[in-house]
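Asks: Single-letter residue listing:
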Amino acid sequence: MRAVRVSLSCFLLLGLGMTALAKDEATEKVDKTMEAYQQAYQKLLAEYQREQDAEKKQAIVGRLPEIYKEFAEKFQAISEEYPKTDGAASALAMVSQFAPRHPDTKSLADAAKQSLLAEHINSKGLVPAIGMLGRDASVLDKLINESTSREVQGVALFYKMNAAKGRELTEQNIAEVKPLIKRIQKDYGDVHLMLAGGMDRGALADLVGNELFAFENLRVGKQAPEIKGEDVEGVAFKLSDYRGKVVVVDFWGDW
Amino acid sequence: MYPHERSLVKRLADEPFALIGVNSDPKPKVVSALERENITWRSFWDGGNTSGPIASKWNVRSWPTIYVLDHKGVIRYKNVRGEAMDQAVDRLLAEMAEKSE
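Residue numbers (the working numbering), protein chains in the order written: chain F, 1 to 255; chain P, 1 to 101.
Hints in this document: simulated from the structure, not taken from any laboratory. Every residue, glycine too, gets a C-beta built ideally from N, C-alpha and C. Take these hints with a grain of salt, some might be off.
Claimed, not checked - Derived, one-sided and incomplete: chain F residues facing chain P with beta-carbon distance under 10 Å:
(1) Tyr41
(2) Leu133
(3) Gly221
(4) Ala224
(5) Pro225
(6) Val232
(7) Glu233
(8) Asp250
Unchecked claim - Okay, the calculated bits of chain P under chain F, using three or more residues with CB under 8 Å as the criterion:
(9) 42 to 51
(10) 55 to 64
(11) 91 to 99
With the hints as constraints, model all of the structure from the sequences given.
Replies: As structure tokens, this is what we get:
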């Protein structure tokens with residue numbers, strides 16, 4: 001059961017959402033390929049959800065690397081067909097994410113990384129790869145200072161903030177992190193954090209806003225924010241209905 | 001996780017304690033889970049996906065995420081699992097009993 005849950009986080013990582021980008025020919029191909037990836041992925045996910053047997057479920061998860069390989073190769077082909085375009089940057093960003101997940105395509109990932117940093121730092125197609133490239137902190141500074149793309153600057157700054165923050169904002173790190181948050185809010189609030197697979201994590205203004213809200217309201221010792229909502233049957237209730245009791249709030253999903 | 005939480009809820013059925021879920025599944029899925037796993041505690045339904053309004057506001061990035069609140073609604077523990085969750089709850093119940101004496 002545990003193994004299945006861990007593997008399933010791969011699904012969550014690369015699973016959701018689709019986004020349209022500007023429409024040059026290469027980008028159009030990237031979009032179409034992304035769509036095909038989404039379909040392949042959704043098909044596998046549906047199969048996984050229908051399957052009841054734990055071992056067979058595991059076997060379905062085991063087919064994911066083949067999908068990553070297939071699409072790493074497809075994106076690689078696009079990047080070679082349209083070198084130095086925004087579409088190539090998007091394609092290489094996908095290669096850098098998908099290729100490491102299959103032994104046959106591992107070497108493509110390093111080449112994609114190098115090409116992204118050498119030829120594509122001014123393209124917003126780079127954005128989905130910044131999280132991975134930014135594990136090297138000097139890369140983030142390079143992108144913030146040298147890229148001409150606002151999207152790239154903003155997302156690089158966000159990852160820098162994220163690294164400075166660690167698990168969460170605390171009394172100890174707030175002084176260091178706050179200026180980064182302020183700068184994101186002032187200059188890059190409307191930039192979206194795009195991840196591989198076309199997943200949109202939302203506008204940076206909202207993401208840093210959530211971090212500040214968490215710092216002010218969701219730490220140990222703080223009054224828990226109110227929750228007003230409906231239960232599964234559609235009956236309205238709120239968290240404060242349970243004041244006077246010790247309460248465990250459990251964010252859960254059945255996966 | 002279900003068996004553990006089920007036994008916690010059962011053990012504390014007569015105590016001033018509640019386990020409140022916030023569920024991020026599509027509705028058919030959560031309904032079948034409630035039945036299959038015999039889940040007796042109440043859950044907010046958060047719109048059917050992991051970026052629902054409650055999970056977003058609470059900045060939840062991984063599931064499960066656990067908060068333990070005292071009887072005044074103050075956050076006292078975060079992400080305690082298994083035994084640690086039981087101990088946290090027991091400590092808060094004991095603290096509450098002490099204060100009312």
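Asks: So, for every hint listed, does it hold in this structure?
Replies: Structure-based check of each hint:
1. Tyr41: violated (16 Å)
2. Leu133: At 21 Å from the nearest chain P Cβ, Leu133 of chain F fails the 10 Å test, so the hint is violated.
3. Gly221: holds (7 Å)
4. Ala224: holds (5 Å)
5. Pro225: Holds - the Cβ of Pro225 of chain F comes within 10 Å of chain P, reaching about 7 Å at its closest.
6. Val232: holds (5 Å)
7. Glu233: holds (9 Å)
8. Asp250: This interface hint holds because 5 Å falls under the 10 Å limit.
9. 42 to 51: Result for this restraint: holds, n = 8.
10. 55 to 64: Per the Cβ count (8), the hint holds.
11. 91 to 99: Answer holds; 3 residues pass the 8 Å Cβ test.
Checked against the numbered hints given earlier, the structure breaks hints 1 and 2 and satisfies all the rest.
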